[in-house]
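**Q** As given, the protein sequences belong to chains A and B, one line each in that order. Letter by letter, the first sequence follows residues 1 to 287 of this note's numbering. Letter by letter, the second sequence follows residues 1 to 228 of this note's numbering.
Source of the hints: derived by calculation from the structure; they are not laboratory data. Do not rely on the hints blindly, as some may be mistaken.
Stated by the list, open to error - Using C-beta positions, here's what the derived DEER-type ranges look like:
hint: 1; chain 1: A; residue 1: ARG277; chain 2: B; residue 2: GLY104; range: 34 to 40 angstroms
hint: 2; chain 1: B; residue 1: ALA214; chain 2: A; residue 2: ARG32; range: 36 to 42 angstroms
hint: 3; chain 1: A; residue 1: GLY88; chain 2: B; residue 2: PRO86; range: 21 to 27 angstroms
As the list claims (entries may be wrong) - A few chain B residues that face chain A, going by a derived Cβ cut-off under 10 angstroms, partial list only:
hint: 4; residue: VAL70
hint: 5; residue: PHE85
hint: 6; residue: ILE96
hint: 7; residue: GLY104
hint: 8; residue: PRO105
hint: 9; residue: LEU108
hint: 10; residue: ALA110
hint: 11; residue: ARG141
Yeah, the Cβ is synthetic: ideal placement off N, Cα and C, and Gly gets one too.
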Amino acid sequence: MDWLNAIVQGTLLGGLYALFAAGLSLIFGVMRLVNIAHGDLIVLAAYLGLSTSIALGMHPLLVLVAVVPAMAGMGYVLQRGVLNRTLGDDILPPLLVTFGLSVIVQNALLEIYTADPRKMDAGGLETASVDLGGLTLGVLPVLTFAVAVGVIAGLQWVFYRTALGRAFRAVSDNQDIAQIMGLNKAHVFGLAMALSLAVVAVAGIFLGIRTSFDPSIGGGRLIFGFEAVIIGGLGNLWGTLAGGVILGVAQTVGAAIDPGWQLLAGHLVFLLILAIRPNGLFPRMDG
Amino acid sequence: MTGLDAFYGDFQALYGLDLHLDAGEVLAIIGANGAGKTTLLRSIAGLIRNRPEAIRFRGSPVGALRADQVAGLGIALVPEGRQLFPSLSVEENLIIGGRVGRKGPWSLDAVYRLFPILKERRNQASTSLSGGQQQMVAIGRALMANPDLILFDEISLGLAPIIIRDIYAALPGIVGDGMSAILVEQDISKALSVSSRVYCLQEGRVSLEGASDALLREAISRAYFGIA
Ligand SMILES: Nc1ncnc2c1ncn2[C@@H]1O[C@H](COP(=O)(O)OP(=O)(O)O)[C@@H](O)[C@H]1O
Ligand SMILES: [Mg+2]
Numbered sequence: 001m002d003w004l005n006a007i008v009q010g011t012l013l014g015g016l017y018a019l020f021a022a023g024l025s026l027i028f029g030v031m032r033l034v035n036i037a038h039g040d041l042i043v044l045a046a047y048l049g050l051s052t053s054i055a056l057g058m059h060p061l062l063v064l065v066a067v068v069p070a071m072a073g074m075g076y077v078l079q080r081g082v083l084n085r086t087l088g089d090d091i092l093p094p095l096l097v098t099f100g101l102s103v104i105v106q107n108a109l110l111e112i113y114t115a116d117p118r119k120m121d122a123g124g125l126e127t128a129s130v131d132l133g134g135l136t137l138g139v140l141p142v143l144t145f146a147v148a149v150g151v152i153a154g155l156q157w158v159f160y161r162t163a164l165g166r167a168f169r170a171v172s173d174n175q176d177i178a179q180i181m182g183l184n185k186a187h188v189f190g191l192a193m194a195l196s197l198a199v200v201a202v203a204g205i206f207l208g209i210r211t212s213f214d215p216s217i218g219g220g221r222l223i224f225g226f227e228a229v230i231i232g233g234l235g236n237l238w239g240t241l242a243g244g245v246i247l248g249v250a251q252t253v254g255a256a257i258d259p260g261w262q263l264l265a266g267h268l269v270f271l272l273i274l275a276i277r278p279n280g281l282f283p284r285m286d287g
Numbered sequence: 001m002t003g004l005d006a007f008y009g010d011f012q013a014l015y016g017l018d019l020h021l022d023a024g025e026v027l028a029i030i031g032a033n034g035a036g037k038t039t040l041l042r043s044i045a046g047l048i049r050n051r052p053e054a055i056r057f058r059g060s061p062v063g064a065l066r067a068d069q070v071a072g073l074g075i076a077l078v079p080e081g082r083q084l085f086p087s088l089s090v091e092e093n094l095i096i097g098g099r100v101g102r103k104g105p106w107s108l109d110a111v112y113r114l115f116p117i118l119k120e121r122r123n124q125a126s127t128s129l130s131g132g133q134q135q136m137v138a139i140g141r142a143l144m145a146n147p148d149l150i151l152f153d154e155i156s157l158g159l160a161p162i163i164i165r166d167i168y169a170a171l172p173g174i175v176g177d178g179m180s181a182i183l184v185e186q187d188i189s190k191a192l193s194v195s196s197r198v199y200c201l202q203e204g205r206v207s208l209e210g211a212s213d214a215l216l217r218e219a220i221s222r223a224y225f226g227i228a
C-alpha cells in the first residue's frame, strides 16, 4: 500500500469528518451544549435528502436547497421549544434530553425507513475519479473536502465578520451582559442551532452519497465529529478541520497497515492527543 | 419602585424597597458591601425578574420583563467589574452596545470624542486595556444604547484615584442631556458630589434617604454601618 495515497485519501476523508464536527463545535462554542443527537440528526438529514431526491427525481446535491433550510428551521424550533429549557448551571439536563432525542430520532427512522441500508444515487459521482500520475482521487471525496473548507470558511466569516457572529461571541462570553445589550439569548441560541443543523444537512447529504446508511449509524458519526472537535481544540473552527484531517489520516493509515485497524487507529490517535494536549492541538485563545 | 423584593434562591437580598427617580435626575445609592446595591441594579435591568408592578418605568410596569426588553425601553447598565466581552474588540464591544437601535446623541464617534484613547485602541482585544480604559469601554458601551436611564455600578472600584477623577469629570457631560442616572458607589463623597438625592441601603432595606447636599455625615455613617 502506498503511504502517500493513504495520507491523501485520509485527508479527503477528514473533510467529511470536519462536516460532522463543525455544527457540534459551533453550538458547544456558543452555548456549551453537547448535542448527543448530532449524529442521528446527520442520518435524519441523509434520509430527508433520500426521500426528497426520490420524490422530486432530483440529484442528491440539488436537494440541498430544500434539506438545508428544513434542517435549519427544525434546529431553531428544537432549540426554542426544547433545548433552551434544559440549559442552566447544571450540564446534565441537556445531555439527557439530547440523548433522549437521539433515541427518538433513531426509532422514528427505523419505523419509517426500516433497518435496511440505503444509499443516494448521485448518477456516477460516487465512483468518478481522476488520475494524477499514480494517485487516484475520487471526485466525490475532493468535492466533499472542498465543501468542508468552504463551510468552515463561511462559519469563520459569520463568527468574526457579521453582527450575528458578534452576538454569538457576546452570548458565549457572558449571557447576562449580552442580554442587557438587548440580545435575547433564547433567540440567539435558536439561530446557533439553526446554523448547526444547516451544516448537519450538508454533512448528511455527503455522507449519504458516499456510503450506504441505516438508522443505527448516528452514534458512530457523533464519535467521529466529537473526536475531530477535541483533537482540533474546542471552539476553534479551523482546528476542527485539522482535527478531522488528522482523524481521517489516522484511519486510512491504520487501514493500510491492517484493514481491521481503521477505526482503532483513529481512536488511538485521538486518545494520544488528548493525553498529550488535553485542550486539543489548537485551543481557542481568548484575548 | 414600590415594594421591591429580590431573591437568590431562598436567600432574600432586598426587602420591600421603595425608591423613585424623576426624569433627568441623578440618584446616588450608597451602602456597605453586601447591602444589596448590585442586586437592586440587576433587578432594574431585568436580570432578576420580579412582579410586573414592582418596577415602573415612565409609568409602565417593567418588573417582569426580560433584560433585553428592558434594554429596548431605554435602560442601560454599566455593570460592576466592567464585564466587557473578552472575545470582542474594543470597537465591537461598543457596537454591540448600540444594537438596541435607539435614536439619540450617542454613536461610535461621540464615544470616541468623549474617550479619545479608545479610538486608538479600537481594534485591540478589550482584555488588553488598563482598568480605567476598560471602564471607559463599559461606559461607552452603555451610552451606545442611547438610554433614558443609565445605571452605574461602582465605576470607581479598583481604579487609581487619578483615573477615578477623570471618569467623574466626564460624568456631567454624559448625564447632562436629560438622561437620568443611578450611581452606586461605596465612595460616599464621590457619590454625593454628582447626585441630587441619595439613598442609603443596609442589609437590603433603605436606611436613609435625602437630598445629597443636606445629609449630615453622621447620619450617613449611622445609616451606612447601622451603628447608633
Ligand atoms: N448570585 C448570588 N447568589 C446568592 N447570593 C448573592 C448573589 N449575589 C449577591 N448575593 C448576596 O446578596 C446580598 C447583596 O449583594 P449585592 O447586591 O451584591 O450587594 P452590594 O452590591 O451592595 O455589595 C449579599 O448578601 C450577597 O452575598
Ligand atoms: Mg455590588
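**Q** Each hint: holds or not?
**A** Each hint, compared with the structure:
At roughly 49 angstroms, the beta-carbon separation of ARG277 of chain A and GLY104 of chain B lies outside the given 34 to 40 angstroms, and the hint is violated. A hinted range of 36 to 42 angstroms for the beta carbons of ALA214 of chain B and ARG32 of chain A is inconsistent with their spacing of about 51 angstroms. About 22 angstroms separates the C-beta atoms of GLY88 of chain A and PRO86 of chain B, a value consistent with the hinted range of 21 to 27 angstroms. About 8 angstroms separates the beta-carbon of VAL70 of chain B from the nearest beta-carbon of chain A, less than 10 angstroms, and the hint is met.
The criterion of a C-beta within 10 angstroms of any C-beta in chain A is met by PHE85 of chain B, whose closest approach is roughly 4 angstroms, and the hint holds. The beta carbon of ILE96 of chain B is positioned within 10 angstroms of a beta carbon in chain A (closest approach about 5 angstroms), and the interface hint is therefore held. Checking GLY104 of chain B against chain A: minimum C-beta separation of about 14 angstroms lies over 10 angstroms; hint violated. Here the hint on PRO105 of chain B is broken, as its CB sits about 18 angstroms from the closest CB of chain A, past 10 angstroms.
The beta carbon of LEU108 of chain B is not positioned within 10 angstroms of any beta carbon in chain A (closest approach about 14 angstroms), and the interface hint is therefore violated. The beta carbon of ALA110 of chain B is not positioned within 10 angstroms of any beta carbon in chain A (closest approach about 18 angstroms), and the interface hint is therefore violated. Because the closest C-beta pair between ARG141 of chain B and chain A is about 8 angstroms apart, less than 10 angstroms, the hint holds.
Checked against the numbered hints above, the structure breaks hints 1, 2, 7, 8, 9 and 10 and satisfies the rest.
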